[in-house]
Amino acid sequence: MASQIHYVRQTSRTTPVRVRPEDKKARAKKALWSLTIAIAVPLTLTLFIIFKFGAGKRYRAITDKPFWFPPLWLIHLASIGSSFSMSLAAWLVWVDRGFHLDSNALPLYISQISLSTVWDPLELVMGAVWFGFLFCLLHFGVLFACYLSFRKVNPFARDLVKPCLIWSAFLALVSYKLLTL
Numbered sequence: 001m002a003s004q005i006h007y008v009r010q011t012s013r014t015t016p017v018r019v020r021p022e023d024k025k026a027r028a029k030k031a032l033w034s035l036t037i038a039i040a041v042p043l044t045l046t047l048f049i050i051f052k053f054g055a056g057k058r059y060r061a062i063t064d065k066p067f068w069f070p071p072l073w074l075i076h077l078a079s080i081g082s083s084f085s086m087s088l089a090a091w092l093v094w095v096d097r098g099f100h101l102d103s104n105a106l107p108l109y110i111s112q113i114s115l116s117t118v119w120d121p122l123e124l125v126m127g128a129v130w131f132g133f134l135f136c137l138l139h140f141g142v143l144f145a146c147y148l149s150f151r152k153v154n155p156f157a158r159d160l161v162k163p164c165l166i167w168s169a170f171l172a173l174v175s176y177k178l179l180t181l
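Sequential numbering of the sequence shown, starting at 1, is according to our numbering.
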């Protein structure tokens, strides 16, 4: 039994702490469960918005769209990918206790989730192009603030935010072009 006990030094204490293999398994299960929840909740919200408001009849009705406008299925697929990527980045920040170190990180992430779900119904379903454009610009700003906040905690989380920034900037261009059509 004594051979199965591993000693690990904590940074906050000078005395060693015993860690048993059973504790490692329990922590791994807890981490996997928290990862599942962290990804499933925003992803489910995004999928609900897509299935509830995803028809985009007004977007499809525009006949003189430029060639670089994405099809509706690509917008939805990229939104799902962006939601997954941001969820994983936020979980990595949470694991590294980044939400405790930076008091702005959690409200920024929650704002990002809210803004990312609002754009699709505003712009594509209701046709509120001005509001959609403003929300898209605000979403880009909040994503950039998340990027700045996450990079202090975890470099991989920072890198996961970059594609979301690019997608948000592209959606801002699409929204701007819809204003001029």
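These are calculated hints, taken from the structure and not from any lab test.
As the structure is a computational prediction, the values presented were derived from the model and not from experiment.
It is possible that part of the hints are untrue.
[What the hints assert, rightly or not] For lysine-lysine, the following BS3-like pairs were computed, each having C-alpha atoms within a straight-line distance of at most 27 Å:
id: 1; residue 1: Lys-177; residue 2: Lys-162
id: 2; residue 1: Lys-152; residue 2: Lys-52
id: 3; residue 1: Lys-162; residue 2: Lys-152
id: 4; residue 1: Lys-152; residue 2: Lys-57
id: 5; residue 1: Lys-65; residue 2: Lys-52
id: 6; residue 1: Lys-152; residue 2: Lys-30
id: 7; residue 1: Lys-152; residue 2: Lys-65
Status of each hint after checking the structure:
Using a Cα cut-off of 27 Å, the hinted pair Lys-177 and Lys-162 holds, with the two alpha carbons roughly 23 Å apart. For the hint linking Lys-152 to Lys-52, the alpha-carbon distance of about 37 Å lies beyond 27 Å, and the restraint is violated. Among the hinted pairs, Lys-162 with Lys-152 is consistent with the structure: their alpha-carbon atoms are about 14 Å apart, no more than 27 Å. The hinted pair formed by Lys-152 and Lys-57 fails the criterion: a straight-line CA distance of about 42 Å is larger than 27 Å.
Of the supplied pair hints, the one linking Lys-65 and Lys-52 holds, its CA atoms being roughly 24 Å apart against a limit of 27 Å. Between Lys-152 and Lys-30 the CA atoms are separated by roughly 25 Å; this keeps the pair inside 27 Å, and the hint holds. For the hint linking Lys-152 to Lys-65, the alpha-carbon distance of about 40 Å lies beyond 27 Å, and the restraint is violated.
The structure fails to meet hints 2, 4, 7 from the earlier list, while all remaining hints are met.
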